Structures are given as C-alpha cells and as structure tokens.
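Make a model of the complete structure from these sequences and hints.
In the order they appear, the protein sequences are chains A and B.
With the numbering used here, the residue at position 19 of the first sequence is 19, and numbering never jumps.
With the numbering used here, the residue at position 60 of the second sequence is 60, and numbering never jumps.
Errors might be hidden in some of the hints.
[Said to hold, decoys possible] In silico negatives: residues of chain B with every beta carbon more than 12 angstroms from chain A:
1. S55
2. P67
3. G69
4. R72
5. G73
6. E80
7. T103
8. T104
9. A116
10. N118
11. L122
12. A124
[As the list claims (entries may be wrong)] To give an idea of the chain B side of the interface with chain A (calculated C-beta under 10 angstroms), a few residues:
13. S4
14. L7
15. V106
16. A114
17. D134
18. M151
Treat the hints as calculated values from the structure; they're not laboratory data.
All of these numbers come straight from a predicted model, not from anything done at the bench.
Glycine included, each C-beta is placed from N, C-alpha and C at the ideal position.
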Amino acid sequence: MLENLTIELDGVKAIQTILADLDACFLHGFVGGQHEILAALPSLFDGMPLCSRLQTSVQALAQNTFIEGYFVTLAAARSALQGTLYDLLRHHALTTLGRSATTPTDHLPISPNQTDPLLDSTREWLMELAIAGFARLEREAVTSFYSTLTQLRANPAMISHAALLTGFFHELINALPVKSTTHVPLLRWVDLWSRAMLDAVGLAKLPIPATASGALYPLSVELRQHSRFASLVIYGVLKQGDVAQWVRQTWSSFKATAIQGNEIWLLFPQAQPLLEHLLQAKAMNLRDMPILPSGDLLWDANAVESGKKFKPLDIALAYCGIGQALVVSPMPPLERHPIQLAEPIALTDYAIQDGQLHLKEGVVLALDAPRAGLTAEDLAGTTALLGLLHYDAGEWSIQPLLTHNPAGKFEFAGRAGVELLKKPPKTSTVSILQERASRLLRK
Amino acid sequence: MLQSSLLDMRVYTSTEKRDVKKVPFLELFENRLQGIVSSGSDIERVYVSYFEVGSLDYCCSTNNNRPCGGLRGAPCGHLEALLSEAVIQFGFDAVGRFLRIDTTQVDSIHKILASAGNNTGLYAGEIFSRFLDDLELLELPSSDMPLTTMMWFNG
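As structure tokens, this is what we get:
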C-alpha cells in the first residue's frame, strides 16, 4: 500500500500555486495594489460564505483601502486553502496506511463576543506588517509590538497566541535588515502571519473534554522550541476496550534564552512521572482522564496509576503498523494545515541509505531534518521504528521517534533529556536563572 | 522548488558548558554582542558589557551606570568573559561573522580582544532591561494544553 504514498495528488499542485501567488502580495506589501492576484481569489470560494467577504476585501485592498477586517478575510481564505490541502493529504496518507478516516469532530467556533484590546492591537500590528511587505520591513514596524507582546504573555488564556507571536516577533527581528527577497522565508512567514491573524480574532472557547479510561502506553516524546518557549509532547497509544487511539500530552513553558539543549527538559518537572513510565516502558492505567476531541490528554495526576511493563516496539508495531485500525483524530477545523500532519507509523523492512529511509515497497522517505528526532546514525542497523509521517515543501518525510539499539533494547529520541530530568543536577542554568530572577525582579 | 513552512532550527551546540553564573545573559542583537556579566565579588552587582559590530568598540559598566574599574585602555575581564561565553553558545565562526571579523586572520578569542577598538564610554541601560525581560519569561505560568502553533517551531 505504501508504494502509492509519493504519487502526485489531484489538486495539490493547483492549491500550492494559488498559495504562492497570494503569498507574493506579502513580499512587497499591499501599497500600490495587488489587484490581479487578488482578483482571482473570490471565484475560488464560489458559493461559500467567504466569497462575498472576499469580493469586498479584494476590491477595497486594490484601491489601497486598508482596514484590518480585509486582512482577516485574506487570512481566512489562506487558512481555508491550507486546510483543504491538509484534508487532501491526510486522506491520502490514511488510505495509504490502511486506516479509516475519522470525520472531523464537532468544531469549536471562535466566539469573539467581546473584543480584547491586546488582540485588537495584535491584528493592527499584523496588518501593518502585511501592508509594508516582508521584504520591506522596518525595524520600528516590528518592534512597536513589543509592549503588547509582553502583556499577552502575562495572560494564561492567551498562551497559544503568546507562544506563536513571541517566536514570530523574534524571528522577524533577527532577520532584519532583510537583505533581499531571497532571504524571506515567505511561505513560513505568511503561514505564521495567517495563523496569528485568525487567532487574534478572538479567544476560542475550549472544547469540552470527555474522559478516558484504559491502559496508556507511552511510546515517544518530542521537544518543540524557539528561543523563548518550549513544548514537550509525549505520544502514546491508549487502549480503551478494543479501540486503540493515538494520544498526546503537552506541557509548555516560557524560557530564558540561555536555557538550551537538554537543560530545557528541567522546565518540566510535572512531566516526570509520565516520562519515567516511558523510560521504564511501563504502562499507566487511566481512570476518567480528561481528553479533548483532538486526542490530547489534559493530565490529571489523580487519574493515573502505574501499570504493567511492556515492549514499546511490539506495541508500536501492533497498533501503529500499516493496516492497523489506529484511531488518530484530525486537527480541529481552524488548525488544519499540512504542517500539522503527523501520522504515527511503525515500520519494518527498511534500509537507511544516504540519510534516507528506503522501504521495501520502493518508496524513499527523507528523514525529517528540521524536526527533533532520531538520526540516520541512530537508525543504522535497526529493523523496526516508530515515527511520524509529515508533509512539507512538497515532500513526505518521516520523523523517527522510537527504535532499538544493537543490543535489542528500545531507544527513543530525547532520552538524554528525560534522564537529566529524572536526576536534576543541584545547579543548572534553570536553577541559577530562577535564583537571579527572584533576586532581581522583586526589587 | 516548493518552499518550506519550517526553518532548520537546529542550534549550534558546544561540547563545552556555558557558565551561566558568570554570564547570565548574552545575545547577538542589532549591532552589538551584548550581555550581563556577574561581579566576582558582589552577588548584588552585575556588569553591562558589549562589543560593537565592525569597530569592536566596547563598553563595560555596572547596572548603576558606573564605569567598570577594569577598563584601562583595553577590554576588561567582564568583556573577555562575555566573548568567551558567546563563543561557547554560538560557536566561534558565528560570533566572528556577526562581529564582521576576518576569522582567517583573527582566529582566537585572544586575537579578537587584541584587535578591539575603543571604549565608547556609553552605558547601554537597555541591555539590562532586556536581561530582566528575559528573566521574566521564567516567571510566567506554564500550560498543559495542546499548542498546535508550536508545530512551526519544531527543533
């Protein structure tokens, strides 16, 4: 089945071309009109509610009338296009893996019943960036956002906004002055811009969690980070009766810039019990653990007790192999984007050559370089792995997270960090800076 | 060639350990390698130090805007510590590139110090505020919710 993975899909290229055209507007900005490119947009959304809003926005923008609602509409259109790509690619991946596509769960509408001054000023800033264009950014246009950003961070309800905007803000600052258009990672910046703009429309109501009971097999862990923020995501298979579901637990924290490498793990003492089970390959029995429709657990330490030892690769192959009926929930509608594709896949019968994974079906998958994971060296001589299937820049790739070592014992990405957290050193960058913070910030 | 939504975010990692007690904050920012260096004698005192890009002009003063006593026509020990720690954090080449040094000639920390410019005498209070902003990040609440936006910051 896997041999079909890398075939070209109908519609994908067309959408990517439309996106590239739209993104070109953001390179030199909207002053001077982008009429021809923008004029083609509304017809793509014929018969959809977005169509008339797009028509109004596109006409106004072509006449240099800049109102932030028009830019929100552009972000919505772009998000719809990326969402469609996500659906196409995900459907294809699921078919290839022999999994049935679960329909999107009840959507959670953003209900901006009250405006928030911080979000208002975020949209305003994003609009100014777009009007100027990423290739013509002035330092002042970027830095003017700083005070809003610090206030956003202080509001726990806006942590998702703050994590994204902090990363985007510093990425832009570090890129200044933009030397030439080739130095602009345009797709990425318009992605970040669109997501930030849509998020800034209002605070989404949190979906109501269900509860889950059963055996949780922690299988792998991944660290996501930028200079001032880190997220730890722990993956596992949850068995409830006959149903096996792929689940995640995320913990996130801001960080000082000097905290790097494995020391980042020290920011997550609350993750230690679950990580200890990953390290020991011990299941956890859950009783009424809150779980979101997206498959995300909301960890409650009172809802778990230690379970039996298990063999991680055996569990991975039994539930995440090709043709296994693993339930993997799709992203909530507004968050759909190809970057969010992360289908778990357990493989055997592969070879590592030139840093790539060669499958017996003839398919060659790149090992995902930008993401944290096991390397080609880690995989040399192994015969089984668990990874996440991703799509980016027109290519499928795999981010290996779990395999075995020459002695046959399981090995996972991030082990050194987990071991550091298990026995935290007496002094670390984290403890030194926390001590400094308590000394200097209380004055 | 299609563009990527990701950046290759892999950061330089040194085998040598950063001395954060000595230099709790440093960055390559705008036109300066700048940071905060702890006093060797007084735990309440820190020094605000920087080198400017290109000229390698420098300055070091306490956070109360008193000039560092160690500056006698050449970079002081705080500036040397700042530079050494920057090399550990970012790598010699990245630091050299940032400061616009010809690293084929000036190929050691010692040689960078020897080719330093003049003492600007200009206290840069904003470096200290940036240090405090950095520390404040540690005091912010953490979260146990899924944050899909961090998918763009995989690294």
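How the hints compare with the structure:
no.	hint	result
1	S55	holds, 19 angstroms
2	P67	holds, 21 angstroms
3	G69	holds, 22 angstroms
4	R72	holds, 29 angstroms
5	G73	holds, 31 angstroms
6	E80	holds, 18 angstroms
7	T103	holds, 20 angstroms
8	T104	holds, 23 angstroms
9	A116	holds, 24 angstroms
10	N118	holds, 26 angstroms
11	L122	holds, 20 angstroms
12	A124	holds, 16 angstroms
13	S4	holds, 4 angstroms
14	L7	holds, 6 angstroms
15	V106	violated, 24 angstroms
16	A114	violated, 27 angstroms
17	D134	holds, 5 angstroms
18	M151	holds, 5 angstroms
Checked against the numbered hints listed earlier, the structure breaks hints 15, 16; every other hint is satisfied.
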